[in-house]
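Taken in sequence, the protein lines are chains A and B. Heads up: the first sequence is residues 30 to 142, going by the working numbering. Heads up: the second sequence is residues 675 to 789, going by the working numbering.
Treat the hints with caution; some may be incorrect.
As the list claims (entries may be wrong) - Sample of chain B residues at the chain A side, in silico, Cβ under 7 angstroms:
| # | residue |
| --- | --- |
| 1 | Lys715 |
| 2 | Phe716 |
| 3 | Leu717 |
| 4 | Ile770 |
| 5 | Val774 |
| 6 | Asn776 |
| 7 | Gln778 |
| 8 | Pro782 |
| 9 | Gly783 |
To be verified - Derived DEER-like restraints, expressed as beta-carbon distance ranges:
| # | chain 1 | residue 1 | chain 2 | residue 2 | range |
| --- | --- | --- | --- | --- | --- |
| 10 | B | Val686 | A | Ser99 | 47 to 57 angstroms |
| 11 | B | Asn753 | A | Glu93 | 42 to 52 angstroms |
| 12 | B | Gly702 | A | Leu42 | 36 to 46 angstroms |
| 13 | A | Ala46 | B | Ser739 | 40 to 50 angstroms |
| 14 | A | Lys98 | B | Met689 | 47 to 57 angstroms |
| 15 | A | Ser43 | B | Ile730 | 40 to 50 angstroms |
| 16 | B | Ser739 | A | Ser43 | 42 to 52 angstroms |
| 17 | B | Lys714 | A | Arg129 | 16 to 26 angstroms |
| 18 | B | Asp692 | A | Ser43 | 45 to 55 angstroms |
| 19 | A | Lys98 | B | Ala773 | 15 to 25 angstroms |
| 20 | A | Ser81 | B | Ile730 | 21 to 31 angstroms |
| 21 | B | Leu701 | A | Gly70 | 18 to 28 angstroms |
By construction, these hints were calculated from the structure, which means they are not laboratory data. Ideal placement from N, C-alpha and C gives every residue a C-beta, glycine not left out.
One letter stands for each residue in the lines below.
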Amino acid sequence: AQSVSQHNHHVILSEAASLELGCNYSYGGTVNLFWYVQYPGQHLQLLLKYFSGDPLVKGIKGFEAEFIKSKFSFNLRKPSVQWSDTAEYFCAVNAQGNNRLAFGKGNQVVVIP
Amino acid sequence: DTAVSQTPKYLVTQMGNDKSIKCEQNLGHDTMYWYKQDSKKFLKIMFSYNNKELIINETVPNRFSPKSPDKAHLNLHINSLELGDSAVYFCASSQIAGAVYNEQFFGPGTRLTVL
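Just chain A, same shape as in the assembly:
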């Protein structure tokens, strides 16, 4: 079964700083990869996804993620964060042909104005 690791659970940074959140998964086959965001008190919303093609994926709100197959990684980046990016970020992995979505433990990001 696939599993997902997210490190640095708590991240605090100032507005305009750059953000990078790591995501590593363990599964040897073909995977689909997702980043979800959960704003305070809200439900999970999809930020971006990868299933094939260009490993650099652009998402909403200026986020992007890069799939590096050799490193089993799908790190999320944003060059300049805003206060409104304060949220919990979840990486998720789905092995192709499997309807189970495995979530990481999340990164709590706090952006200080």
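Put chain B on the given structure of chain A with help from the hints.
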């Protein structure tokens, strides 16, 4: 129109009571899920139904019983509620048949507090 809706949004109840949470999706998806999010924000899959058939049943106490009357609805009934059941419960849906990837759409969540 809300794609995945849940009721109620908040549920406060006493230990030992029985309660239900309802979920409906209007996306035409064939698969629905229940997740539990604990106080540390960790998301754990509980159940999944595909076309009314149970396909994922994680290690969950049998006090929890999902029911899917049709593929657009997935309800969760909890018997004899315990303090540890306090959490936010999220419903989600996705299209499995014919899909390239399993993108799940989440409901707004139900915050359950057991006193």
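Hint check:
1. Lys715: holds (5 angstroms)
2. Phe716: holds (5 angstroms)
3. Leu717: holds (4 angstroms)
4. Ile770: OK, holds: B/Ile770 within 7 angstroms of chain A, min 5 angstroms.
5. Val774: holds (6 angstroms)
6. Asn776: Nearest chain A Cβ about 5 angstroms off; hint holds.
7. Gln778: holds (6 angstroms)
8. Pro782: holds (5 angstroms)
9. Gly783: Status holds, d = 5 angstroms.
10. B/Val686 with A/Ser99: 47 to 57 angstroms: holds (49 angstroms)
11. B/Asn753 with A/Glu93: 42 to 52 angstroms: Holds, at about 46 angstroms.
12. B/Gly702 with A/Leu42: 36 to 46 angstroms: holds (40 angstroms)
13. A/Ala46 with B/Ser739: 40 to 50 angstroms: holds (47 angstroms)
14. A/Lys98 with B/Met689: 47 to 57 angstroms: holds (49 angstroms)
15. A/Ser43 with B/Ile730: 40 to 50 angstroms: The hint (40 to 50 angstroms, Cβ to Cβ) holds, given that A/Ser43 and B/Ile730 are roughly 41 angstroms apart.
16. B/Ser739 with A/Ser43: 42 to 52 angstroms: Since the Cβ atoms of B/Ser739 and A/Ser43 sit about 48 angstroms apart, the hinted range of 42 to 52 angstroms holds.
17. B/Lys714 with A/Arg129: 16 to 26 angstroms: The hint (16 to 26 angstroms, Cβ to Cβ) holds, given that B/Lys714 and A/Arg129 are roughly 21 angstroms apart.
18. B/Asp692 with A/Ser43: 45 to 55 angstroms: holds (48 angstroms)
19. A/Lys98 with B/Ala773: 15 to 25 angstroms: holds (22 angstroms)
20. A/Ser81 with B/Ile730: 21 to 31 angstroms: holds (25 angstroms)
21. B/Leu701 with A/Gly70: 18 to 28 angstroms: holds (23 angstroms)
This entry satisfies every hint, going by the numbered hints stated previously.
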